[in-house]
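Visitor: Chains as they are written, first to last, in our numbering: chain A, 1 to 310; chain B, 311 to 576; chain C, 577 to 886.
These are calculated hints, taken from the structure and not from any lab test. Computed from a predicted structure; not experimentally measured. Each residue gets a CB set at the ideal place from its N, CA and C atoms; glycine is no exception. It cannot be assumed that every hint is accurate.
[To be verified] Stretches of chain B that chain C covers, calculated by requiring three or more beta carbons in the stretch to come under 8 Å of a beta carbon on chain C:
| # | stretch |
| --- | --- |
| 1 | 349 to 358 |
| 2 | 468 to 476 |
[Stated by the list, open to error] The following label-pair restraints were derived from C-beta to C-beta distances:
| # | chain 1 | residue 1 | chain 2 | residue 2 | range |
| --- | --- | --- | --- | --- | --- |
| 3 | B | R564 | C | P615 | 40 to 48 Å |
| 4 | C | N754 | B | N361 | 50 to 58 Å |
| 5 | C | F729 | B | S540 | 52 to 60 Å |
| 6 | A | S24 | C | T715 | 40 to 48 Å |
| 7 | C | G722 | B | G520 | 54 to 62 Å |
| 8 | B | A332 | C | N824 | 30 to 38 Å |
| 9 | B | V562 | C | E625 | 36 to 44 Å |
| 10 | A | R134 | C | R716 | 26 to 34 Å |
[Said to hold, decoys possible] Listing some non-contacts, in silico: residues in chain A with all C-beta distances to chain B over 12 Å:
| # | residue |
| --- | --- |
| 11 | E82 |
| 12 | G83 |
| 13 | Y132 |
| 14 | R134 |
| 15 | V252 |
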Amino acid sequence: MLLELQNVTRLYGTVIGVNDITLSLATGAHGLLGPNGAGKTTLLNLITGQLSPTIGSVRVLGMNSRTNPDLMKRFGYLPSSEGMYADVSAIEWVTYLTRIQGFNRPDAKRLALQALERVELTEHMHRNISTYSRGMRQRTRLAQAIAHEPELLILDEPFSGLDPVARHSMTELLDGWIKEGRSLIIASHVLHEIESLTKSFLLLGNGRLLASGSTNDMNELLADIPSEIRIRVNAPRDLAAELLNAGIVDSVRVSKDGELHITTTASLDVGRFLVKSAAGDRYVLSEVHATDDSMQSVFNSLMKIHRGAV
Amino acid sequence: MSPLIGILQRIPAVVGFEWRRALTVSRMTWMVALMAFPPGLLMLVRMAEQNEPPVEVVAILVFILSPCVVCILGVFLWATPALSSELEGRSWVYLAVRPYGPIAVLLGKYIVAVSWTIPVGLVSSVLAVLVFMSQDTMKLLVAECGLVVLSCMAYSALFLLIGVVAPKKSMVAGIVYTIVFEVAFALIPAAVNMLTVQYRLRCLLVRWMGFDNNLVKDNPVILAYFGNESAMWHVGVLFGMTAFYLIAAAVVLRYREFTSSLETES
Amino acid sequence: MFAVLFPLLFFGIPFFLFEQSVRDPFTWRTFSSFALSMPQASMLRDSIEQKEIGVDFGARIDQGRRRFPRNQWTPPASDPTPEQFDAIRHEVWAFILLTFMRYPQAILMVLVVGIVAPPLISQDLRTRAYLIYFSRPITRLEYIFGKFGAVGFFLLGISAAPALVLYIAGVLLSPSLNVIAATWDLPFRIILGSACLIIPTALVALVFSSLTVESRYAGFAWFAMWIIGYVTYAALIAIPTFEAGRDNVVFEPGWRMLLSPYQVLGIAQAYVFGFTVDGDMVVPAFGMLGIVSILSIVVLFRRVAAPMSV
C-alpha cells in the first residue's frame, strides 16, 4: 500500500489544517486537488513527515514517515516554495542534497548528473541558480526530488508559474516517470494537467476529503445531484410549463433577460425533449448550455454539497 | 543504520558545502576586519600610553577583545542563524525531508562556525598579545589561544541552541541572552555567574596566567568572580556545557515542526 | 510592555523621594544616597555646584575617582531649605529623566530597533515588493519616510512617551502643581532628546537594512556597531582610567567618546538636558550625529533607487 491515512486531523492551534481524513492509496499516480486553503500542503507535510497528525496515523509505504528516517530515501519531494540557494549551481545543489540522502560523493555526483540530464538541464548546470529562468529553477527542483531514484514522487504545485512549453515538458517527464512503474502524488489546482497524468483523484475542500477515485466514480457520486441547464428560447415560460408537466425537471426559473434556467437529474430526458421541441414549429431554440462533466464541474458540485448548498 | 552513523556520514557533506558557500568577499572582509580589530585597537592604546601597563591589564584587555568580542561576534554570525537562514530562505524543507538531514545540517553548521572563527580568533589574539611584548608574552599567548578555542566551541553551541529555540528572532534572542547572562549575570558574584561561559573563561585566564596569587587569594569577593576550582575543572565544564547545548539543540530540532507558513515569517 | 513599565516604575522612585524630601529630612538623605549611586551622578553634583546653591548631597568617598564613586557613604551635613529645593528641582528632574533615557531606554532602543528595523527594507528587496510599492504613485522620499516612521513609532513608544509619563508622574507626586513653573521646559527637552536618539539611530538601522536582502545580516551589523563601538571606547579608556585611579587624578575620555555611538548619543542628550559630559565634545558629537544622519539619507536614497535602475 502506498499511503494509508487513518482519521488524520491536523490542527494549527484552533485552525483546522486537515479534518478527519481516512484513505488508502495503492501504488500508482494520484492527483490531489483542491482550491487554496483546502489542506493540500498540510496533507503533503503530514505524508513527508514534516508534521505529525494531531489525531490519527499516517503510514507511507507501510512506515510512519515522522519516525522512520530511512523512509525518506524512498520518496522524493518537490515543495511549492522555491527556496534554493542563489549562489550555487544546480549540479552543486543537487549533489549536496543527494549526499544528505546518504550517498557518498562520487555516487551523489553521478546521480545528480543523471537527474539533471533527465530534466534537460545539463547545459546550464554549472551556472548559479540565480541566473536561471523560472522553468529552469523548477527543473532543478525536480532534479533534486528524483536524483536518488525514489519509489514515490510527491509534487506540490509543480506547474505553478511555468509557461505552456515548460508545462508540457514537465507533463511528459512525469508521464515517463509513471510509465516506469513508479508512484506519484501530485497536488494542484490546475485540473486539466492533472487529468492528463492520472485518472485517480483526491478532492480536498476546507480540510476534508470530499471525494476520491476516478472521474467515473465521481460522476456516479453526483448522479443524484441536479445539473443545471440554461436555454435561450422564444417562449421560455411555455417551454418551462411543458417541462414541468413532463415531470423531468426539478425546478425552473426565467431570468430577467428571458433565459430559462432548469435543474434536473434527468439530463438525457431533458435533452430528448428539447430535440423534439426544436423539431416542431412552436419553439425556436437559440442556445442550450449544460454543465459539463469535467473535473472542474465535478469539483464545483462537490463543494456545493459540502457547503450544504445542494 | 544507526542514527549516529547516519548523522556522522552526512556531516562532511554539510561542512564542505557550507564552507564553499562562505568563501565570499563580504564574509572574508568581515573576518579580516575582526582579525585586525583587537591588535589595531591595542596599537592605538599603546600609542597613547607612555608606560608599559601591567601584564594583568594587558591580559584582561586581550581577553575581552579576542576570546570574548571577536569570537562571540564571529560565531554569532554563523551559528545563531543556522536554522533561521534556512527557514527564511525556504530551503529548510529540502533538508527536512532527507534522512537525518536536520541534525546533520545543525551539527555541520556548528563545525563550520567553529572552524571559521577559531583561526580568526587565534590570529587576532596572537597579534594583540604581540603589541605589548613582555616576559610573560609566551605564557599569555598560550593562555589566550586556549581561551579562543574554548570560547568558539562553547559560544557556537550556545548560539546554535538559541537559534533553534527562537528561530524567528534568533539574532535578537542571542544578543539579549548575551547581554543579560554573559555580561550582566556573569558579573554577579554569586552562583548564577557559574552557569555562564564567561565565568569559566575568565577563571581559566586567571589560572593559566597565575594571577591567583596576586588577585584572588584571601578575597572572598574576588573569589566569587574567579573561583578556586582547577583549570582542568573549568575546561571540563566548558566541554560539558558545549555538549549539553548541542544535544539540547538537536533534541529541540527533532521535536519541533516547521511548516511552509513558518518559513514565510521572519 | 514589561521592559518599558519596569524602568518607568523604578525611576518614579527618585521623583517621589525628592519631592517628599521637601517635608522630610530623612527622605532627603535617602534620596541623596540614591542619587549619588546613579550613573554619572557627578554630572548632577557638578551642575548644582556651578549654581552655588550650597546644597549638601553628602558624599561617597570615591578614593580619588570622582567619575566612579565607590562605596563609603557620608550623609549630608545639613538638609536643603525649601528655597534650595526649588532652586535645584530643575536639575534633579532633568538628571532623573536623562538617566532614564540614557540607561534602560537606550538599551531597550538598541534591542527594539534590532528587532523592527532589519527586515523593513531587506525583505522588500528580497521579495521584490519594492516593485509593488513603486508601481504606485509613491516617491522614494515617501517610501523612506514611511519606513522611518515605522521605526520612529516604536522608538517614540520607548523613549519620549515613557519619559513624558515619568515627567507627569513627577508632577503628580509633587506637593503642588507649582512645580510645573520650574520644570515646564522638560517635556520639550524630552522631545528634543528623543529626536537626537531617534533620527540618527533609525536612519542608520534602515541603511543596514537596505544594504542586504538577508535581514539577519542587517540585524547583526546593527548590534555589532554598538558592541564594537562601546568595546573600543572601553578599551581606550581602560588603562588611563586605571592609572588615574592609582594616581588620584581625574581622567577625561575626550575624543575617545566619539568612537562609541552610545557615548556620542550620551553627550548629545546630556547637553539637551542641560548637562555637560565633556564641554569640548558637544559640537563634535552633534556634528557626528548630523553627518551620520545626512549620509544615511543619501545612502538610503541610492539603495532604494538601485533596484529600479536598468
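Visitor: Name the hints, by number, that the structure is in violation of.
Guide: 2, 6, 8, 9, 11, 12
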